[in-house]
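Engineer: Chain by chain, the residues:
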Amino acid sequence: MSHREEFNQKLKKLKKIDKGYKPPAGPVVSWNDIARHFSSLVVDTGAKSGRDKEKNLRRTDVLSVDFSNMFDVFGRLSLPTKLGLFFEAFSPYLKNAIIDGRIALLQEGGSVPEKMSDIDVPENLRTPSKEDYYLSSTELKRVLKEADIDLVTMDSDLDHGYLQFSQLMDLIVAKSTDYRALELIPVNRPVPQDKLQNTPIQRHRSTQPRSPVV
Amino acid sequence: MSHREEFNQKLKGFKKIDKGYKPPAGPVVSWNDIAWHFKMMVSNNDAKSAGGKRKNLERTDTLGVHLASAYNVYDTGGASLTKLGQFFETFSPYLKDAILDGRMALLQRGDFIPEKVSDIDLPKDLRTSSAAGYYLSSAELKRVIEECKIDGAPQDEDFNQGYGQFNEVMDTVLSKCTDYSAAQLTPVNRPIPQEKLRNTPVQRHRDATRPKFLNGGGRRECM
Numbered sequence: 000m001s002h003r004e005e006f007n008q009k010l011k012k013l014k015k016i017d018k019g020y021k022p023p024a025g026p027v028v029s030w031n032d033i034a035r036h037f038s039s040l041v042v043d044t045g046a047k048s049g050r051d052k053e054k055n056l057r058r059t060d061v062l063s064v065d066f067s068n069m070f071d072v073f074g075r076l077s078l079p080t081k082l083g084l085f086f087e088a089f090s091p092y093l094k095n096a097i098i099d100g101r102i103a104l105l106q107e108g109g110s111v112p113e114k115m116s117d118i119d120v121p122e123n124l125r126t127p128s129k130e131d132y133y134l135s136s137t138e139l140k141r142v143l144k145e146a147d148i149d150l151v152t153m154d155s156d157l158d159h160g161y162l163q164f165s166q167l168m169d170l171i172v173a174k175s176t177d178y179r180a181l182e183l184i185p186v187n188r189p190v191p192q193d194k195l196q197n198t199p200i201q202r203h204r205s206t207q208p209r210s211p212v213v
Numbered sequence: 000m001s002h003r004e005e006f007n008q009k010l011k012g013f014k015k016i017d018k019g020y021k022p023p024a025g026p027v028v029s030w031n032d033i034a035w036h037f038k039m040m041v042s043n044n045d046a047k048s049a050g051g052k053r054k055n056l057e058r059t060d061t062l063g064v065h066l067a068s069a070y071n072v073y074d075t076g077g078a079s080l081t082k083l084g085q086f087f088e089t090f091s092p093y094l095k096d097a098i099l100d101g102r103m104a105l106l107q108r109g110d111f112i113p114e115k116v117s118d119i120d121l122p123k124d125l126r127t128s129s130a131a132g133y134y135l136s137s138a139e140l141k142r143v144i145e146e147c148k149i150d151g152a153p154q155d156e157d158f159n160q161g162y163g164q165f166n167e168v169m170d171t172v173l174s175k176c177t178d179y180s181a182a183q184l185t186p187v188n189r190p191i192p193q194e195k196l197r198n199t200p201v202q203r204h205r206d207a208t209r210p211k212f213l214n215g216g217g218r219r220e221c222m
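Residue numbers (numbering that gives the first Met the number 0), protein chains in the order written: chain A, 0 to 213; chain B, 0 to 222.
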């Protein structure tokens, strides 16, 4: 290791590490585990199966369906499935939630990037993480619910996609190794939930009709 | 550069953080939340909908409308800005200046502050996500919108209408954003306290619209 590398590494250790964070109850899973299971369960683009267009767009084994032969003999027509539609919308939403600290991004090592923009957040949950990141499955499910509230309203296709994606995530988490007992530290300085107000879930709760007082 | 010089330079990055700043009352919202809800509510460009040109340019669901086919069959490119879009175009660089000049705070989690203000990675506008995870005080944002209206073209009816629309869109967007005011946030851009500023657009506007007798100009002195 050169002097410069050694110096930079020592400097990194000067950064404050948030030892106060504790993930909520439930498995802590690795980003790479999610990505691997996701990629094996759901492919990016698949050819149409059967004849029914609507049935094809409800498939949960593919993010988009290639309809080339059926609708356009001269070209290819690829349409996102409902699952694919929700996934496309959810991926930047999750990224924002990580950058804004609404969900913890965990890692095993001791150094934390000084700037949020230095964190190498993978593009989506199907892309492996070079940095070996981990997520609390409970927090991930909460952010999914938040996306449902912020995104899905009024759009039945997205709503359908949300339910499919939610079930898929349950399956993936069930297949993933639980790293909860490991000493993991948050990379992105997460904000404790009790310090947040007007969150999508709180807003949603306040719009629900109250049960009559007996 | 020697190791010592390099070390000292990097150490400068760990500037003293202004712990004295307290955002004014009201929610503190994330830039990404604003950008997200703004994009959900208002598209960048859209095809014309029914109604005349004027009606299309008064829409609040898009920043620009493609009017080409309806008004000029030869012109297929470009979109006309709606009134909302016009105000947004004026406001985006204005907001950037307000942040760089410290008239409003740009907040973040964590302690690192860039040595130079120009090192701050400011998103292009309020529809562009921030990779750095920035936050704004909604009260300060509303003040800067008001300042932009005063500094802009207050006699221009279109501009005023765009301001009114943008203000309403922002109210809706802000009401949908998570409030981070209880989180530990630090200013990145060394904001200047409002009471240390003179002749701000709001002050100038207040003075200009104040009844004369309050300035002492309309009163006769008692003998």
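Just so you know, the hints here were simulated from the structure itself, not pulled from any lab data.
Check before you lean on any hint, since a few could be wrong.
List of simulated lysine-lysine pairs, BS3-like, C-alpha gap at most 25 Å [to be verified]:
{"id": "1", "chain 1": "B", "residue 1": "K38", "chain 2": "B", "residue 2": "K115"}
{"id": "2", "chain 1": "B", "residue 1": "K195", "chain 2": "A", "residue 2": "K114"}
{"id": "3", "chain 1": "A", "residue 1": "K140", "chain 2": "B", "residue 2": "K175"}
{"id": "4", "chain 1": "B", "residue 1": "K141", "chain 2": "A", "residue 2": "K194"}
{"id": "5", "chain 1": "B", "residue 1": "K175", "chain 2": "A", "residue 2": "K144"}
{"id": "6", "chain 1": "A", "residue 1": "K94", "chain 2": "B", "residue 2": "K123"}
{"id": "7", "chain 1": "A", "residue 1": "K194", "chain 2": "B", "residue 2": "K21"}
{"id": "8", "chain 1": "B", "residue 1": "K175", "chain 2": "A", "residue 2": "K194"}
{"id": "9", "chain 1": "B", "residue 1": "K95", "chain 2": "A", "residue 2": "K114"}
{"id": "10", "chain 1": "A", "residue 1": "K52", "chain 2": "A", "residue 2": "K194"}
{"id": "11", "chain 1": "A", "residue 1": "K114", "chain 2": "B", "residue 2": "K54"}
{"id": "12", "chain 1": "B", "residue 1": "K54", "chain 2": "A", "residue 2": "K94"}
{"id": "13", "chain 1": "A", "residue 1": "K114", "chain 2": "B", "residue 2": "K52"}
These stretches of chain A come out as covered by chain B in the derived footprint (C-beta under 8 Å, 3 or more residues) [said to hold, decoys possible]:
{"id": "14", "segment": "113 to 127"}
{"id": "15", "segment": "132 to 140"}
{"id": "16", "segment": "195 to 206"}
Cβ coordinates follow ideal geometry from the N, Cα and C atoms, glycine included.
Engineer: Which hint numbers does the structure go against, in order from smallest to largest?
Structural biologist: 1, 2, 10, 11, 12, 13, 15
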